[in-house]
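Now for the letters of each chain:
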Amino acid sequence: MVPINNYLFLAALLFCVGMFGVMVRRNALVVFMCVELMLNAANLTFLAFARQRGDSVGHVSAFFVIAVAAAEAAIGLAIMIAVFRSRGTLNIEEIKTMKH
Amino acid sequence: MNGELLLFWVFGLATLIGALFVVAARSPMSSAMSLVATFFFLAGIYVLLWAHAIAVLQVLVYAGAIMVLFLFVIMLLSLAEAEVSAPVLRFSWLVGGASTLGLLAVLGLAISRLPAQPAALGPAQQASFGSLGTLGQIVYTTYLLPFEAVSLLLLVAILGAVVVAKARI
Amino acid sequence: MLLSECLQHASLIDCLRQSPVDSESIAQMLWAIIALPLAGAFVSGVFGRMLGRANTNLIACAAVAGSFVLSLLAFWAVNDPRTALLSSFSQDPVRYAVAHDFGTWFAAGTFRVHFGLMVDHLSGVMILVVTGVGFLIHVYSTSYMGHDEGYGRYFAYLNLFIAMMLTLVLADSLPLLFVGWEGVGLCSYLLIGFWYEDAAKAWAGRKAFVVNRIGDFGFLIGMFLLALWVAAFQAQTNNAGGQGRALEQWRIGISQQGPLTFRGLEEAVRRIPPAAAQLRDAVSLDTSVVSGPLKGTTFGQVLLAVLLLFMLGAAGKSAQLPLYVWLPDAMAGPTPVSALIHAATMVTAGVYLFSRVGFLLVLEPTAMAVVALIGAATALYSAVIAFGQDDIKKVLAYSTISQLGFMFMGVGLAVFWAAILHLVTHAFFKACLFLGAGSVMHGNAEETNIKRLGGLRRQMPWTWATFAIATLAITGIVPLSGFFSKDAILHGVHGTDLQGYPWVSNTAWLIGLCAAFCTAFYMVRLYVLVFEGDRSPEARTAKAHESDWPMRLPMVVLAALSVLGVVYGIPLIAPASGGPAQTVMENYLSTVSAVPQQLARIHHTLRQGHESSLLVAWAQAWAIALAGGGLAGFLYLRYFPSRPKLQVPAFARALERWVRHGFYVDQLYYFAIVKPTEFLSYVLYKVVDSFIIDTLIVRGVAWITARSGAALRYLQTGNAQSYAAVMALALLCAAGYAVIQVLK
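Protein chains in written order, with the working numbering: chain A, 1 to 100; chain B, 1 to 169; chain C, 1 to 744.
In short, the hints are calculated from the structure, not lab data.
Misleading hints may appear alongside valid ones.
Unchecked claim - So, partial list: chain C residues that the calculated Cβ filter (under 8 angstroms) puts toward chain A:
| no. | residue |
| --- | --- |
| 1 | Pro-93 |
| 2 | His-545 |
| 3 | Asn-719 |
| 4 | Ala-720 |
| 5 | Gln-721 |
| 6 | Ala-724 |
| 7 | Ala-728 |
| 8 | Ala-730 |
To be verified - Covered stretches of chain B, as calculated for chain A (at least 3 residues, CB under 8 angstroms):
| no. | region |
| --- | --- |
| 9 | 53-60 |
| 10 | 65-76 |
| 11 | 103-115 |
| 12 | 148-155 |
To be verified - So the derived label-pair ranges between C-beta atoms look like this:
| no. | chain 1 | residue 1 | chain 2 | residue 2 | range |
| --- | --- | --- | --- | --- | --- |
| 13 | A | Val-65 | B | Ala-119 | 20 to 26 angstroms |
| 14 | B | Gly-160 | A | Thr-89 | 20 to 26 angstroms |
| 15 | B | Val-10 | C | Gln-741 | 36 to 42 angstroms |
| 16 | B | Leu-94 | A | Arg-85 | 32 to 38 angstroms |
| 17 | A | Thr-89 | C | Gln-741 | 40 to 46 angstroms |
| 18 | C | Val-739 | B | Ala-119 | 21 to 27 angstroms |
| 19 | A | Gly-54 | B | Val-156 | 15 to 21 angstroms |
| 20 | B | Leu-155 | C | Thr-705 | 47 to 53 angstroms |
| 21 | B | Leu-101 | C | Tyr-723 | 16 to 22 angstroms |
No residue lacks a Cβ here, since even glycine has one placed at the ideal position from N, Cα and C.
If we strip away everything but chain A, and leave its shape as in the complex, we get (with noise of 0.2 angstroms):
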């Protein structure tokens, strides 16, 4: 039996690379790769509950946030396909026009 409080850990740990990843990474492609790292820690957070309460609710929100990281994958590669075009550069540091 593997106790639950070891999925969760993991997930924790997925969790805060991802975070870690997405404050210090240049590349926004990457950035957004450690998005999607974020967002399956909360999945196996979800599916790790759902083990230990025995009910499958927890399935149901996995599924919904899959089917949201898709959408939101999609536009986020348009806009980064638009912002490409315009500026000729993905690197976060040279797309800062709010600065003051």
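Fit chains B and C to the known structure of chain A by using the hints.
Relative to chain A, chains B and C alone:
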């Protein structure tokens, strides 16, 4: 050490290493491939959690569709080469790193207080727990509205992606 | 118009007493008395240069003349025995008074003030004096200021002064009186500093205004206290004295016209039973106020404070101790201004005020003692200073202060009619003296030092004659009016006893006699040194020239009035209630002073009886005047001229220096009051205003804002990842908080 625990450790470590590669890899292509690997190993973890349907969906949708989309975009924009800019230390990275570690600690603290045993399931439920049938049962009855909403969301996403990415409308 | 009809069934005197215009029309027209000089002031000031000198003179004089005519009509109406005024404060109509309420000035809650003008016997006398003497001085000014370029400004200020003085006198409530009070102070400042290009003259004007202000502050606080007093009285008084209906009527009047009208105050005071009556539950002067800001003090104590504060105000306006220091310096202004403002009208405002509120004054023997003693002390003090003055105008200035002291002495001991009589006669002869001084200056190239004048008797005959008559009047030589008025005050003071202060009347009387002696001395000294003897070798011009008719005529008229004014002072009328014969003025003003006398009798605050006979008092006064005048004449006509090389002992010279500088009071005030105030204002300017407020607070706030803005700017990097870092930090805090809450 039984089989389940061993599998957990194998898959878990592999997932973690894949995640670390995603964050640390030089080129976006390497990050993408690492992410695919991570997703596969995650699917394995899901199976260990008796979430078979979700595991399959993970492989089909996440690894099979979303990551393919990523790879298309990477190759379309010719970003496969490694980044050449020099590494730099920024103050926000320190803040981010510190809060990450802090969050990890807090989450760890919270998780360690949780009950560890999975629920005891009866034999009938053992057979159907995590199966596609059970999933479908719940989604099409209790959660029908969110299901339909998500389908609408997907439609909007498709249209949006087309509109945003077009060079000229 | 109806004279012929009237003569058919009444005597000539009674027909002449009936005024041609009925009192209602007069009442509604009272505002014109003030408005005419006001309009004259506006036209002279704004259009003077455009209209030219002759037209401006005409307009200014005509405005005051018109005011005089209207005042005459009002006076006539007030003398009419048929005149009766319906007052909102009492059921019975008030006789010999004309008044009109011109509407609300302002109202706040239950406190209200109306524009109300009133003429009764007292203010009737005053408005005639103000407009009459004012008109004469306007005529004089047309010649005296004939070469001055600022004639438009001059006549504007002079007309404005007349308007403000009339407001003061005609007001039927304290706030409106205060408007006139302030207005005359303003005009005094403007006119003293008329030649403002000379810094010393401008400073004299400023000094007058500032010293006046101190007095005005006292007046204002006194007025506020009086309003609170009336409110407390209104709240607390009840029918325990058996005056229910009168009290009800009074309350109605208060609600309609506000608490500070003279009529209302008079009626309020009449509802106070004497403390000796010991009526249970009645509100008397010893009752404590139970609620409001005056809680804890008795009605009598508050009234005493009010009267003392009014005395402070009167001391400022009428140049009594300790606020007299502005009047000698005020001689920097043109001489007609000194004649009008600082002899005849403005400085008498304090005396008028106390005569108006005489019914309040007689309730407090302490206040009466203070007023009388200040008056007496001022009279003697300034008379002594006048001994050492060599400037002709300064002698007259100190003489004015001294005579005002006499008037306050009379007012303080409730001989109101004598004080007002002396006010009137003093207006005549002092104005005549000042105009004469102006004429002397005009004819001697503006020489004011009397040691350098002399022998003008033959060279300026008209000036000499009028000056001589006025000097005789002021020293109190019978049969001129000054004798009767001054003696009336002294006699009245001697015969009055204050309850609780029996020594005050005798002390004041003795000081008054000394001051009368001194008055005779310095005035005769002035006359002799200026007009008698040979022309001084230090004179500026070889021959003095007499002034032209606009300057001579007013002097002649005023000298004649100084003589004729005697009529008011002779005891001619036997009063209906028996007792000694009354003078004409006493009988005339009895309509106004009846209430104070009645109150004094009821509350036993003073006892008016005559210890010595009138003839003895007259003989005493005459002897003193002759002694003083004779001594001065002897010294300055014979003694000093025959000893040109007289060695003056050192202490005498020192004494003379002390007296000439007014006992160095100006310097005392400067070091004791002015310098500390300047130092305080310097400290407040440098430390509080410049440093603390400007630099620390205002600029400091701006600096802090700018620096925090600059610091916060660094957060807006535009870098999405730093925003994400902040979000991560927030997430950490939230998660930590949630976990802690759950784990508790």
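Taking the hints in turn, this is what the structure says about them:
1. Pro-93: violated, 84 angstroms
2. His-545: violated, 87 angstroms
3. Asn-719: For Asn-719 of chain C, the interface hint holds, since the closest Cβ of chain A sits about 5 angstroms away, which is under 8 angstroms.
4. Ala-720: Holds, because the Cβ-Cβ distance from Ala-720 of chain C to chain A comes to roughly 6 angstroms (cut-off 8 angstroms).
5. Gln-721: Constraint on Gln-721 of chain C satisfied, holds at 5 angstroms.
6. Ala-724: Check passed: Cβ of Ala-724 of chain C comes within 5 angstroms of chain A, closer than 8 angstroms.
7. Ala-728: holds, 6 angstroms
8. Ala-730: Violated, because the Cβ-Cβ distance from Ala-730 of chain C to chain A comes to roughly 12 angstroms (cut-off 8 angstroms).
9. 53-60: Answer holds; 4 residues pass the 8 angstroms Cβ test.
10. 65-76: holds (count 7)
11. 103-115: Three-residue rule met by the region 103-115 of chain B, so holds; n is 8.
12. 148-155: Answer holds; 3 residues pass the 8 angstroms Cβ test.
13. A:Val-65 with B:Ala-119: 20 to 26 angstroms: holds, 22 angstroms
14. B:Gly-160 with A:Thr-89: 20 to 26 angstroms: Given a distance of about 23 angstroms, which is inside 20 to 26 angstroms, the answer is holds.
15. B:Val-10 with C:Gln-741: 36 to 42 angstroms: About 37 angstroms separates the Cβ atoms of Val-10 of chain B and Gln-741 of chain C, which means 36 to 42 angstroms holds.
16. B:Leu-94 with A:Arg-85: 32 to 38 angstroms: holds, 34 angstroms
17. A:Thr-89 with C:Gln-741: 40 to 46 angstroms: Cβ of Thr-89 of chain A to Cβ of Gln-741 of chain C: about 45 angstroms, so the range 40 to 46 angstroms holds.
18. C:Val-739 with B:Ala-119: 21 to 27 angstroms: holds, 24 angstroms
19. A:Gly-54 with B:Val-156: 15 to 21 angstroms: Given range 15 to 21 angstroms: violated, Cβ gap about 35 angstroms.
20. B:Leu-155 with C:Thr-705: 47 to 53 angstroms: holds, 51 angstroms
21. B:Leu-101 with C:Tyr-723: 16 to 22 angstroms: Taking Cβ atoms as reference, Leu-101 of chain B and Tyr-723 of chain C lie about 20 angstroms apart, which means the hint holds.
Checked against the numbered hints above, the structure violates hints 1, 2, 8, 19; every other hint is satisfied.
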